[in-house]
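Chains H and V supply the protein sequences, listed in that same order. Everything in the first sequence is counted per my numbering, starting at 1 for the first residue and increasing by one. Everything in the second sequence is counted per my numbering, starting at 1 for the first residue and increasing by one.
Note that these hints are calculated values from the structure, not bench results. By construction, the Cβ of each residue, glycine as well, lies at the ideal position given by its N, Cα and C atoms. Errors might be hidden in some of the hints.
Lysine-lysine pairs mimicking DSSO-like chemistry, simulated, CA-CA at most 27 Å apart [claimed, not checked]:
| no. | chain 1 | residue 1 | chain 2 | residue 2 |
| --- | --- | --- | --- | --- |
| 1 | H | K272 | V | K7 |
| 2 | V | K7 | V | K21 |
| 3 | H | K320 | H | K14 |
| 4 | H | K117 | H | K168 |
| 5 | H | K14 | V | K84 |
| 6 | H | K320 | V | K7 |
| 7 | H | K168 | H | K272 |
| 8 | H | K338 | H | K320 |
| 9 | V | K154 | H | K350 |
| 10 | H | K168 | H | K350 |
| 11 | H | K14 | H | K117 |
| 12 | V | K154 | V | K84 |
| 13 | H | K272 | H | K320 |
| 14 | V | K7 | H | K14 |
To be clear about the criterion: a stretch of chain V counts as covered by chain H if any three or more of its residues have a C-beta under 8 Å from a C-beta of chain H, and this derived list gives those stretches [claimed, not checked]:
| no. | stretch |
| --- | --- |
| 15 | 62-70 |
| 16 | 166-174 |
| 17 | 232-245 |
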Amino acid sequence: MSVQYTPVLWNRNKLVYDAVLLIAVALYLYVFIRYAPAFEDVTKPIDGATLRMRAFGSCAFLMLTVILCIGPLARLDRRFLPLLYNRRHFGVMTAGIAAVHANYVLGWYFNFSPTDKYVALLSSNTSYGQILGFPFEALGIGALLILLVLAATSHDFWLSFLGAPLWKALHMSIYIAYALVVLHVALGALQGPGDPILTSLVTASVVLVCGLHFTTGRMEAARERGEATAKASLEQAGWVIAGEVDEIDEDCAKVVTLDDDERVAIFKYDGKLSAITNACAHQNGPLGEGKVLWGCITCPWHGYQYNLADGRAPEPFTEKISTYRLRLIGSTVLLDPKALPPGTHVEPVKLGVSA
Amino acid sequence: MSWKQTKDAPFFVGYLNAVPKPLAVFVLVFALCFAGGMGLAALALSSTQNDPGSGGFQWGNRFEQAGLLELRPYPVFRVPGDGKSGPRTYMLSGQGKRGVFAQAEANAVTPITLRGVPVNRGDLTMIQVGKVEATEDGTGNFTPSAAVPLGRWKLAGEICDGKCYAGAMRPGQGLAHKACADLCITGGIPPVFVSTGPVEGRNFFLMADKDGNLLGDEIRDLLALYIEVEGEVERLDDLLVFKADLSTARVLR
């Protein structure tokens, strides 16, 4: 959280995160370019430029795979949440590695010619009407442009400038980039002489990314069904039954899904209950999976905080989220499904004081 | 699989330097697996790359011979035999992805001395031309032999650019190299057909169209694909020329 825009708000966790990333990437490139070629069974060594473009290209592909797995993994097991915290640095580094790959391709395959290399890149293979021989470079260009745009707009300035819905929609194009990269590899490198290792890695990547997203999607759908209590409830003058007080751990929340798929997080803390929207104002993080720290709801993704009674970030921060009214009948929690304007104060319901 | 936050579950807040111990251990194990996995993936991918062949520039074996330049239809250099071997015909390229049509046209018929660097892969030798000078001796009364027809053949294989395939790039063939091959051929590098089956013991052929003229845009969609095509084959000294009838071309895979 910050009240002003700085390039990076460094802290120890971010430094460790980036250090691990750099070590892993450096190890990959060193092994690929310097160490492993000694074990190649070749008549003459592969060109250094080709080796480097393969090293950087495959590294970017594997990094993109891991990036796309972090989200669903964090949904399936919250211990992966620390990987989500600094994922934007992961993405920026991936875009950089992909750009180096593209630069090697430009400087090797499209260089040494009377034709300008950028013109050559776009004009030398125009067999767009066929699958075999399709200009797979165009798919790579598309993916790289998306990655660069996402890297450039990954800062919170752009999140604030574009607004969370547009920014989120823009950054969902990472899936388009991934699809383009898979096609780029499938119609390019995989069309060469059989390479079982590369084929296996690409297949594993696609199965992993699709499988994790499918599993997470099913889990979310099951969760929606399990929360039908709020939808088909014993309605009382427009209120819905949100559940029993005992279902909620102290300083934690229960998430309730309303008819319009809006999710509400009901927190229990200091003998009180408060309800706020489940979506963090920062990046729509699931606030209901956070905790109450120092009297504030704390988002599990990036640690954004809000006061429980009014959904406002503690000063000097300015973020606001919607609040909801609650009632308690016995040990049953009732929720008014009408969201109040962001930042509206709602008196917390005191436990033991039934309506 | 639980999504519900509980009081006892460790909770990570990025800007707090203290990471709950169970999470720190988990993340450490993940980091080690991630870095180790990247290293293993690099080892597996890099050490099992396909053999790019034996081709390459012969930098230590500079080429300098006297002979004649011809357009067949691409520039070739024809040199007389030297007693140990018969006359030879070399394919030619310029620097980078450039052909040598200008030099070949300017020095047609007159004997010249050609200096350059051979690019060699097995029986295929292409000379990257450095310098062309008129010469008054060295070729004697050398008269290149006429092309010897070897009949009509149906060949299966790949159209490559002769320079990269010869070893200017390793690897210099395949679909990943298609755009580069296109750029080379557009720049004037002679296309070669690399056949899976030999004709007179040779697996590569300088290409021309069915009438013996330069190939045009009609080969662009066929470049780097595994195709089958019919045409007349003829021999120029040790070089085979394939006059491909591209109307018979069929993509095999």
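Holds or violated: V:K154 to V:K84, with C-alpha atoms at most 27 Å apart: 34 Å, violated
For a C-alpha distance cap of 27 Å, please report whether H:K320 and V:K7 respect it. Holds, at roughly 25 Å.
Verify the proposed pairing of V:K7 with H:K14, using a straight-line Cα cut of 27 Å. 26 Å, holds
Annotated coverage of the stretch 166-174 of chain V by chain H, confirmed only when three residues or more have a Cβ within 8 Å: holds (count 5)
For the pair we were handed, H:K338 and H:K320, check the Cα-Cα distance against 27 Å. 17 Å, holds
Test coverage of the stretch 62-70 of chain V by chain H using CB-CB distances below 8 Å; three residues minimum. Per the Cβ count (0), the hint is violated.
Holds or violated: are the alpha carbons of V:K7 and V:K21 at most 27 Å from each other? The hint holds at about 16 Å.
Does H:K14 pair with V:K84 here, judged by a C-alpha cut-off of 27 Å? Measuring from Cα to Cα gives roughly 71 Å; hence the hint is violated.
Is the straight-line distance between the alpha-carbon of H:K320 and that of H:K14 27 Å or less? Since the Cα atoms of H:K320 and H:K14 sit roughly 26 Å apart, the hinted pair holds (cutoff 27 Å).
Take a quick look at whether H:K272 and H:K320 sit within 27 Å of each other, Cα to Cα. 21 Å, holds
With a cut-off of 27 Å on the C-alpha distance, tell me whether V:K154 and H:K350 pass. Not OK: V:K154 and H:K350 at ~89 Å, beyond 27 Å, violated.
Agreement of H:K117 and H:K168 with the hint, judged by alpha carbon distance not exceeding 27 Å: 35 Å, violated
In the structure shown, a violation is registered for the earlier hints numbered 4, 5, 7, 9, 10, 11, 12, 15, 17, in ascending order.
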